[in-house]
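S.K.: The lines below spell out each chain.
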Amino acid sequence: MNSYGILARFDSPKSLMHAAEKVRDEGFEKFDCHSPFPIHGMDEAMGLKRSKLGYLIGFMGMSGALFGFGLQSWIHSIEYPMNISGKPFFAYPAYAIITFELMVLFSAIGAVFGMMFFNRIPRFHHPVFYSEKFSDVSSDAFYVSIEVDDPKYEESFVIDFLKDIGGTEIEVLKDEI
Amino acid sequence: MSQIDKKNQEFVKTNSHEYANADNHEFGYWKSLKDISSDQDYERYLKQSEHNVDNSISRRNFLSLIAASVALAGLEGCKKPVQKIIPYVEAEIGTIPGIPKYYASTLPFKNNALGVVIENHDERPVKVEGNDKHPTSLGKSNSFAQASTLDMYDPDRLRGLKFNGKKAQWTEYIEYAKSLKRNDGRGLAILSQESSSPTINSMKKELMKKLPKASWVVYEPINNENLYDGIKKAFGRKLQPFFRLEHAQTILSIGSDFMGVDDNNIYHTRKFAQNRDLVDENSTMNRLYVAESSISSTGSSADHRLNVPNHKLREILLELAYELKVLGLKIDAKKFKSSNNLWVKAAAEDLMKHKGGESIILGGTQLSSDVHHLIASINYVLQAPIDYYPLDRSQISSTNQFAKLCSRMKKGEVEHLVILGANPVYDSPADFEFRKLIKNVPSTVHLTNIIDETSKMCQWNIALTHYFECWGDAMTYDGFASVVQPQIMPLFDSKSVIQVLSPIIYDEEKSSYDIVKSVWKSNIIKESNFDRKWEKVLHDGIYNKPLHQKQKIKSSKPNSKIIDKLEKLEDGKFEVVFSPSSSVYDGRFSNNGWLQEIPKPITSLTWDNAALISMKVAKKLNVKNGQYIEISLNGKTIKLPVWITPGQNNKTITLELGYGRDFKGRIGNGVGFNVYPIRFSDAECYALNATVISKTDTYPLASTQDHYGLEDDKYAAPGFKDLANDEVQSRIPDLVKQSTLDYYKENPDWVQKKVLEHKPDKKRSWEDHSMYNPDWDYSKGPQWGMSIDLTSCTSCNACSIACQSENNIPVVGKQQVMKGREMHWIRIDNYFAGDPENPEISTQSISCVHCELAPCETVCPVAATTHSSDGVNQMTYNRCLGTRYCANNCPYKVRKFNFYNYTRDLPEVVQMAMNPDVSVRFRGVMEKCTYCYQRVSAARIKAKNENREMRDGDVKVACASSCPADAIKFGDITDPNSEVSKAKRRNRDYALLAHLGTAPRTTYLAKIRNQNPKLISGKSSGGYQS
Amino acid sequence: MNGQIIKSKAEIRAEKLLPGNQDFTSITEDIAGVPEQKNTPIQWWLLFGLALSLLGIFAGSVGFLIWEGTGVWGINNPVFWGWAIINFVWWVGIGHAGTLISAILHLFRQNWRNAINRFAETMTLFAVICALVFPGIHVGRIWVAYWFLPIPNQMAMWPNMRSPLIWDFFAVFTYFTVSLLFWYTGLIPDLATLRDRAKGLKKKVYGFFALGWRGGNRQWQHYELAYLVLAGISTPLVLSVHSVVSSDFATSVIPGWHTTIFPPYFVAGAIYSGFGMVMTLSIIARKVYNLGHIITVEHLDKMAQIMLLTGCMVGYAYSMEFFVAWYSGNPYESFAFVNRALGPYWWGYWAMIFCNVVVPQFYWFEKYRRHIPFLFITSILVNIGMWFERFVIVVITLHRDFMPGAWAMYNPTIWDVSIYLGTFGLFFTGFLLFLRFLPMVSIAEAKLVLTESDPHHGDHHE
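Protein chains in written order, with the working numbering: chain A, 1 to 177; chain B, 1 to 1026; chain C, 1 to 462.
Derived from the structure by calculation, the hints contain no laboratory data.
Glycine residues also receive a C-beta, built at the ideal position from the N, C-alpha and C atoms.
Some clues are possibly wrong.
[Unchecked claim] Covered, in the sense of this in silico footprint (three residues per stretch, anywhere, with C-beta under 8 Å from a C-beta of chain A), are these stretches of chain C: (1) 73-82; (2) 188-201; (3) 222-228; (4) 235-241; (5) 442-451.
Construct the entire structure; sequences and hints are all you get.
M.R.: If you want it as structure tokens, here you go:
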């Protein structure tokens, strides 16, 4: 029967944010703040770095556009040039739309799947799910979770610390055996 | 391998040089039958093969087997393509697969002969072209000739013999035929159609010699009897007039549709058009006056058309005769001064101006013999360019003879009646009641191509051969004998007139080949080395020495007294005209889908006939298009829908003959309305004092074009009923550019002024306009292009059907036509300008114009329509997925879509009429004119093989080669000397909708009317310039 | 000081958008309660039965169409495009509101959208599906419709990338995919909510689609960015889709189609009809599930205002078309438009004018904007009007273009009608299933409207 971390419940976004600041200042790294909806300023409160997702999306969009324009030019200029309405093979104005559409398509795919990648989802099993109460977090509960493999993790100390910063219903995450 | 086959091969070996010859110019460009028929053994073989006892594999027998299997296929619907029954490797020696052969033959039509060349694909005749060696076809053809291919492969044709409806043997008939030769042929009567065949004529003589008591009667519902009688009155004997229109500068037609359905129309159109072929503003042009009651093809190309009822035509003529007083006509014609006097005066002056061989009057068949008498006399005095030839060799319809026959039948004096091809039960005058009389005849024989009204009442039904299938001959008016040669063994075990007569005359069945040849030997080719000449005839299809000499004629001065009585029309009553149908003629083409579906000139009606009435009459009777009326005449009544027609006379109701058939033809049965029941022997062409009642019920008529202004745009917003009509009127000058000769002379460049913006073929102006320089230049030849001369086009439909035949265009049926889904690649638009009582008609034949910057191509999502390097806008059928976007974006709306799989239920037999060089389109595929690209490729390959550049004239597209007016020119526009380039250099040349910058390859030559300044009132085509 | 005002403003807004004493729990209960309810409302069953039968008609008609060929429709020469294309454009247009609301209003931080965006997005999805049906079935040879795709093949046959139809295909396909992703992304936290409240199989299914969402801020961080970017790229996409659709007509040479005004005019029309449809559906939904306190009159009012705006824009476009046609001095062009208003199909044109231009003028007045039955009827009228707009553009333009010799009338057949009605079956079947099994309002976002959701709520801003 091994433990994975500790949960502490807070009553409002406000208190959660203050808690987050304190946990950050205490020097914890492997912790998270769970809430039913995104809370403004939480990133700073937790001291998170800016998401890298943007770069991925930018890259995807770029390659989509290049692919779109390249494909069309290649088809009509190199692969199989045909005289259509006496227009030039490399009719770049006509290629604009598909270029744009593919750029959008690629970046959308990049955004969604990149988000999943950075969030490490789908992941159907996670220690926080061992808690009965935790399920409220998707409705009206606010939780701070500190994981066991955080360097400063020491069970009794963490429990006390969370109590101090106003956490209630402190719970050690354990798997049943 | 059989005897015959060996012989064949030996022969081919020994005559291989003949094959070589066949291509040199002594014998023209097509291979000929001569190379086989000259062989003595082959003649014996021919005899046998007519009994098809011989099963060896050679061209003719190969086809006999096809025929048999097709017959089965038709009956049992066998799915295997018949062409595969014999491996092709065993086909006739010397055949190159895929290379068509061309054989000269003759289409006998009534007492005329139309020289044709028949294109055979893998021994299967599929296309008819004019024979340019032939004096009446001059290398051109008409819609009937073009459609004859489909008649050949009509699955409804009678198969073999029937006796009282049961299958009978040919030998049984021979026995019966011999039995007819009793007591000098008393009680034997033969009823035939008109024919000019020397062979049949000599057989007739022989029959009458052997059986003096027998009677031979010729009857045609549509005949020239009055014309011949008139000539007899004028010159003392019946003669065949031949109108040499090439010399005529002033032509006056008194109700004659000489370029439409009247006989010899190809020659007339060709020669008429010759004198309208304006190279530039200085060239001369003939002038055509037409007086008629209902717009005909001829009337539509008239420079001045007078709208008069038929019974007034004789008064017009008398008035004219009076105005021609210089001719010294003793005539008191004060009483004839009519409202039309101005018109008649003008015509008379023109006629006089060109007196002495350059002015001519043509009278319609409906005119009475004494009117024709007067016309003949006037023509005589005018020294009109008419040659008269003897009539003795051809058999002419005689209503009197027919009446006599009928009375004898009534008395029961006729025991045996042999009907050769005619269909009297359907088309003989109503008062003869032939349907009743034929019951009095104990034994009857009907030689017919299909079980029709007459066959049903005859004991013997014998399948009649199509002219593709039999030996025979015919003769032109001016006495050129031409030969009918079989292209294929009879598909349905049918017999020709000659074969049916021979046992009656010779006691045994002689091969028709022998009979024809012997007749030619004895009567026609009176020269040494007959065989050599005969070969040449078989090759050319015609004997180059005429059998007739022009007849010297004497005539007294014309005298108006010869027309005594003037016809009067009781007021409130109507004149009814029975006109031959431009589609089915007198009903003989009823089962031909191509002809049934072709839009009729002027009315654009398909699939039906209707009572043509004028707008005024429609208002008076309070009827709309398609509403029924009842027409009563001498106690008989018919009921049919009306069609409101511009230029129709207010006293005249025009009825087309040949519809409302009741016969075993899946296509034509029950189509349209039979008008023969009110057609009597005393008024075969027009009848007076018909009473008309309008009915409330309506009938759906399928027209391919809405004619605005005749009926108001009934769906338009209240108060704007003539919105569409006004718009059409304002567009006509832009679409069909037209003017008078005088205006043209003053402003030679008026057309160019109008289309300054874009001149695609002269200067590629679009290159300056285009955003970027195209990767294609069309400067290297050949670059295909077309020019259509609107001045000479008579909207005769020959091009449209030629196209249908060449390109396997499906027949879609009335329902689809009503939905606007007809498939013709060439559509003929009719526009009417000015007074609907007597409008100016502008016709324009439109197919794909092959734009160099084609709007259709760029919008196709799958690049199914693209441009070839020789500038042709091409459809790739098997790439097309049918978004129909191209058709939407076509400004000319010339693309046709296969909304259904129109060829799905096509009988095997009809499939034989398909051109193997052109794919049959599946449903969901777009199609359109390809400039007959299959012919272009064939010509290119030929040129390559002979390693030379392509010459002008190598490619003859179907429409151009059929056009009797020669209005269509096709060729390489980069070659400055090609016909088409010359045409396009003319200053009348313009591109349709040029302002769109589509740079079409097909351009038009503006329509010029040679109008008499004296007759141009306020309203005139001159007014179209602004 | 200011803080006070701002706060009170925020509170007022929240009051309007979420009346009654709502809190996180009650919102969850209200919204999640709908898909969780044990016994489905009878109205739902009625509507669903109707939708299914229409879907049956749809399947039957399309089957017959494929068997017989496009000849079963009323299309002919010259009107080669009929109801199929009209319906395509109509449905695509309707499909615009969803992404527009989600994307643009999200970028502008219009919180009021949170009550209706899910709804609109879903509508978009099914509308676009209905639209995509038509290009598929209207082609002559359906079995080769895949030639639209640039699939490498041994014959080196490629689509013609210059063809507006290909642009169209790419645009609509992209639009559908992006809308789907956008919709699903928005759905993930709510699926987690449903997962956490469900038991047994339901839990597993919701859980599967929730992808193990934990609501941790480390997830919210990437999630929000992704969502923001999606909104960002969807905005130009939405505007592009109908512009591209309009190029099907605008790039042609046919008078009445060949006009540069089409792209903006089509987009305005699309948004117009889209909002009309959202209005219709949300009025039904809030009635059936009495969510009056979540989809409030305030929302309807705001939608009505947007409809008023876009309605006036199309009205302007109609008048400009006429002006340009006259001003161009091109007789063919002028007639095309005169014929629309006065020709044989004049009634179609005036139906369009009435529904699209006259009707929305009532929205100038607040009392009409907040009169729900009136909104319901007018929103339906607007979509009828927009259908007629496409009828005018497709049929009336084609039936009389350059060559009077080829002019003809167009009459739809029973199959045109049945397939059109059938797509409603397709649409509502999907939509009703969504209402039954998924939260029709974004739970997470609805909570953001609450002042409590602001972490600085109650602070004093010095």
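S.K.: For each hint, tell me whether it holds in the structure or not.
M.R.: Here's how the hints hold up against the structure:
1. 73-82: violated (count 0)
2. 188-201: Contact hint for the stretch 188-201 of chain C vs chain A: holds, 6 residues under 8 Å.
3. 222-228: holds (count 5)
4. 235-241: Answer holds; 3 residues pass the 8 Å Cβ test.
5. 442-451: holds (count 5)
When the structure is compared with the earlier hints, a violation turns up for hint 1 alone.
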